[in-house]
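There are 2 protein chains.
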Amino acid sequence: MSNLQQRRDFLKRGIALSTASITGGTLLSSSATAATVTEDIKWDEHYDVVVIGSGLAGLSAAYAASENKASVVVFEKMKTIGGNSAINAGSVAVAGSDYQKEKGIKDSPELLYQDMLKAGRNLNHPELTKHVCDHTWPYVKEYCIDKWGVEFTGQVIHVGGHSVPRVMSTQSGSKFINAQVDACKKNGVVVQTRTMIDKIISDENNNVIGVRVREKYRFGKSESGKVKHIRANKGVVLSGGGFTGDQRYVTLQEPTLQDARNTGQKGATSELLIEALKAGCNPVHLSWVQQYPLSSPDEKGFGFAYAFSSRAACVHGMLVRPDTSKRFMNELGNRKQRADAIIASGHPAIAIADSVGFGKVSHSKIPMALENKSLKKFDTLEELAKEYDLDVAVLKGEIARYNELASTGKDVDFNRKMSGVSIAKAPFYAARCYPKVHHTMGGVQINVHGEAIGLDGEVIKGLYAAGEMTGGVHGAVRLGACAIADCIVFGITAGKSVSAA
Amino acid sequence: MSNLQQRRDFLKRGIALSTASITGGTLLSSSATAATVTEDIKWDEHYDVVVIGSGLAGLSAAYAASENKASVVVFEKMKTIGGNSAINAGSVAVAGSDYQKEKGIKDSPELLYQDMLKAGRNLNHPELTKHVCDHTWPYVKEYCIDKWGVEFTGQVIHVGGHSVPRVMSTQSGSKFINAQVDACKKNGVVVQTRTMIDKIISDENNNVIGVRVREKYRFGKSESGKVKHIRANKGVVLSGGGFTGDQRYVTLQEPTLQDARNTGQKGATSELLIEALKAGCNPVHLSWVQQYPLSSPDEKGFGFAYAFSSRAACVHGMLVRPDTSKRFMNELGNRKQRADAIIASGHPAIAIADSVGFGKVSHSKIPMALENKSLKKFDTLEELAKEYDLDVAVLKGEIARYNELASTGKDVDFNRKMSGVSIAKAPFYAARCYPKVHHTMGGVQINVHGEAIGLDGEVIKGLYAAGEMTGGVHGAVRLGACAIADCIVFGITAGKSVSAA
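Chains A and B, in that order, are what the protein sequence lines are.
Add 945 to a position in the first sequence, counting from 1, and you land on the number used in our numbering.
Add 945 to a position in the second sequence, counting from 1, and you land on the number used in our numbering.
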């Protein structure tokens, strides 16, 4: 059947409502005898697989489904493809990669799993976390490198909360997204922007059979766009990301974040999550919202200075609080530990590295941070101290102490792993850091096949989910670079599952 | 109209489904033209107010509604009335009571509010917490004491996490429940046990209009009992308690509790919460599950020894860990701090007080704990140490140190408030403590009127909620004795609101 014919095709079906059916609380049948609502849904288009959201999880799912010969559409509500995936740091935690082996770094899926459980306060759904850890290198190798041609820098980076250096980087999430879009299009996947899903459609057995969309949707105008009904022969994949940009829903779960800024794009809202909950998905860990500790208050959103603060200052330098001019944390602690420490201090922290530490990091965003002045360069520590209102004598004492610890390799003050680089050689670099809302750990419940689980604990047939849209993989606190790992592994998993349905 | 006539009355109404209507994900209407499902619901009974759950929140709501001349029914799924409210310690936090004033204790709603926010990690919905704090003494005075005749011991107790002594006690939750049931019955409230709600019924505008029940329900048999439809003219109050006894749902939110025991009765399950979520209620803080730190592993459920451990050992004595025979916490920290400390130690803690500390506490459950041997009496510290495998020399050193701190009134080791009583005079008493699942902080979202809030942030008309069923009042960690305060204040609030509807 041609696409055109499919579009003209009406799926005539009576929707029988069993006694179990409820409409947002409306009882449709009040006795053991099922009432029947007969109605024709006019399906405007038919696909095997409908993917909602064009970030890393969605495009991974779309690609994996297309490999299985499924016809696939990806709907993106925004004008641009990729969501937060396109503006992130492009860092992916990979356990047991060839890059690690080349550098003699001993790592394993089990060690990554233990790191994720520790950061996650053991709230993680262990089978989901394990599934991600077991597949980071196999899927990054097979899909990112071999099939999509994603280019990594070749570095293996040590990121906060991880036991060993294991993070591979493209320096920008857009490099993943662009490669994925090309690969998807080659496989015939349709990627359609400005298309908002406003209903998930189920049949009489609560199996998901399609979606109602609004084409040419204008973000924030819920009634805008042309309504169409899209049939999903095999299933629907929810990969709409998190809700970090949705102040109402973030504040509901974490009222202290009322005035917090965030690192995301404006489309990181809660409508699809809410629609999924209305469709009977089970909410998991919604009250865990992560703040990224190293974003700069001197630029908008995620910005650029974080690249310096996370890669140079936290690894080869230090963070001080401006009121005491002293170190106050393990700069390689997990994100929550670091964000909590900065918030508790009451001030943005000052991230500092010298020219040697600075020179160890090559990152495309660092020149942009120097350009917008969120990252600054100083010829002397006196100038640096003056800029951030630090006590230069105290600061020099702290640096002397830091250098002593760096030379022994053992940070007895804050128990951090030391790279051995001291803070000594001018010029010096510094940036301010203050937490911004960055990731929502919670979402809908899934199983290891990427199938959505309903409130009663049963699989919702025809419904799949992956990425930040889901809850359980990261528990209470997500480790850095584990979001992309999650999106790739569960995106591919969901894509394989839905196309095999 | 007589009840009999009401029962014979059929409410004939067409249920029109707007485009917004969805059945557990089923789209019933696919265009801007509303489809209409016409159906007769045969209402078996009519009440103004239907209250679900007969614990403190439910009975408070029922009483307040009955005062407003509403006809009220309370449905309880179990054979016995009261749920966990009937088996708890009967302790209620009251800020600014006459009892405190008599004893010269300076307290205020604001101070309780700050204590609750501190324990709750500021995750509390502040307006809800404030509403509870502002009404503890007014409502305890007007309702518990004056209208229901609840008898308090007259003591004002210092409970962990509270800044000052403020807890009033009946020594058993059943004293509240019995008094409430009597008062409710005098006002014509029908209290019906073994009646399970299996559907919340809404009309075409998603207003809640009634419930489907199963009478003569047998707990755990979801298909048991006779189905009836109950019309709620003014509204339905959800006060079904928490889900501490529901291993599937607890583990989903907090996987570490897979093997944890719990303090509750077996009816503390999740069906009503799940039904409320299906009806479009907004989930808040579901991942915060509290463990009670001082329950005894040597008895079932909540037991009795906690009365000694919380009132005598934590206030006038100390807790030691058996592997070191040393103190290891502020024994008046909040529940999470204490539970975490015991779990981290890997062993049940040993709670110890001498005869002076023991004699300061009069509690009806203490003789029961001695009877079942979860609490034991020793003539010498040597005997006590032998029983719990402690190093008696180390223990004596710890006691000497403790007595030194007690005499100065300042616990520089663990920053606890000291009562001044030392551990010196035989006989000595001791009990083992290990955390058990005790309270679920999360639940459905409400506003300060006790109205249920839907996923989209709007009030669900006709639906109210109170008590452990709701989320937000306690944030991440509930303080001791604040559950009864919450149940009374929000129960009465919801009862006033629904009956005024």
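Hints were generated in silico from the structure; no laboratory data involved.
Remember, it's a predicted structure, so these values are computed and weren't measured experimentally.
Worth double-checking, as some hints may not be accurate.
Quick list of in silico lysine-lysine cross-link-like pairs, BS3-like style, CA-CA up to 25 Å [what the hints assert, rightly or not]:
| hint | chain 1 | residue 1 | chain 2 | residue 2 |
| --- | --- | --- | --- | --- |
| 1 | B | K1161 | B | K1331 |
| 2 | A | K1092 | A | K1014 |
| 3 | A | K1014 | A | K1281 |
| 4 | B | K1161 | A | K1281 |
| 5 | B | K1063 | B | K1014 |
| 6 | A | K1075 | A | K1406 |
| 7 | A | K1063 | B | K1281 |
| 8 | B | K1370 | B | K1341 |
| 9 | A | K1281 | B | K1024 |
Residues from chain A that keep clear of chain B, each with C-beta distances beyond 12 Å, as calculated [unchecked claim]:
| hint | residue |
| --- | --- |
| 10 | S1016 |
| 11 | E1047 |
| 12 | L1056 |
| 13 | L1068 |
| 14 | I1090 |
| 15 | F1164 |
| 16 | Q1198 |
| 17 | T1201 |
| 18 | L1326 |
| 19 | M1386 |
| 20 | G1417 |
From the derived model, a few chain A residues whose C-beta atoms are all more than 12 Å from chain B [unchecked claim]:
| hint | residue |
| --- | --- |
| 21 | L1062 |
| 22 | R1193 |
| 23 | S1232 |
| 24 | P1293 |
Note that the Cβ used here is the ideal one computed from N, Cα and C, for glycine as well.
Here is what the structure says about each hint:
With a C-alpha separation of about 52 Å, the suggested pairing of K1161 (chain B) with K1331 (chain B) is violated against the 25 Å cut-off. A threshold of 25 Å between alpha carbons decides the hint, and for K1092 (chain A) with K1014 (chain A) the separation of about 16 Å falls inside it, so the pair holds. For the given pair, K1014 (chain A) sits about 42 Å from K1281 (chain A) by alpha-carbon distance, which is inconsistent with the 25 Å threshold. Straight-line distance between C-alpha atoms of K1161 (chain B) and K1281 (chain A) comes to about 50 Å, which puts the hinted pair past the 25 Å bound.
Note on K1063 (chain B) and K1014 (chain B): the hinted pairing is violated, with a Cα-Cα distance of about 40 Å set against a maximum of 25 Å. Taking the CA atoms of K1075 (chain A) and K1406 (chain A), the gap is about 24 Å. The hint holds against a cut of 25 Å. At most 25 Å may separate the alpha-carbon atoms for a hinted pair to count; K1063 (chain A) and K1281 (chain B) meet this at roughly 18 Å. A distance of roughly 13 Å separates the Cα atoms of K1370 (chain B) and K1341 (chain B); the hinted pair therefore holds under the 25 Å criterion.
Under the criterion of a C-alpha separation no larger than 25 Å, the hint pairing K1281 (chain A) with K1024 (chain B) is inconsistent with the structure, at around 46 Å. Listed as a non-interface residue, S1016 (chain A) keeps its Cβ farther than 12 Å from every Cβ of chain B; the least gap is roughly 22 Å. Chain B leaves E1047 (chain A) outside its interface by the beta-carbon criterion, the shortest separation being 36 Å against a cut-off of 12 Å. Every beta carbon of chain B lies more than 12 Å from that of L1056 (chain A), the smallest distance being close to 20 Å; the non-interface claim holds.
For L1068 (chain A), the shortest C-beta to C-beta distance to chain B comes to about 6 Å, within the 12 Å cut-off, and the non-interface label is violated. Here I1090 (chain A) stays apart from chain B, with its beta-carbon at least about 33 Å from theirs, past the 12 Å limit. No beta-carbon of chain B is positioned within 12 Å of the beta-carbon of F1164 (chain A); the least distance is around 18 Å. Distance to chain B contradicts Q1198 (chain A) as a non-interface residue, since its nearest Cβ pair spans about 7 Å, not more than 12 Å.
With a closest Cβ-Cβ approach of about 5 Å to chain B, T1201 (chain A) is found to fall inside the 12 Å limit, against its non-interface label. The non-interface label for L1326 (chain A) is consistent with chain B: the shortest C-beta to C-beta separation is roughly 37 Å, beyond 12 Å. Distance check on M1386 (chain A): its Cβ comes as close as 9 Å (rounded) to a Cβ of chain B, failing to clear the 12 Å threshold; non-interface status is violated. Once the 12 Å rule is applied to beta carbons, G1417 (chain A) is inconsistent with being away from chain B; the minimum gap is 8 Å.
Residue-level check failed: L1062 (chain A) sits 10 Å from the nearest beta carbon of chain B, not beyond 12 Å. Consistency note on R1193 (chain A): stated as away from chain B, yet its beta-carbon is not over 12 Å from all of that chain's, at 6 Å minimum. Against chain B, the non-interface label of S1232 (chain A) is violated: not every CB pair exceeds 12 Å, the least being about 5 Å. A cut-off of 12 Å between C-beta atoms confirms that P1293 (chain A) is not in contact with chain B; the least separation is 20 Å.
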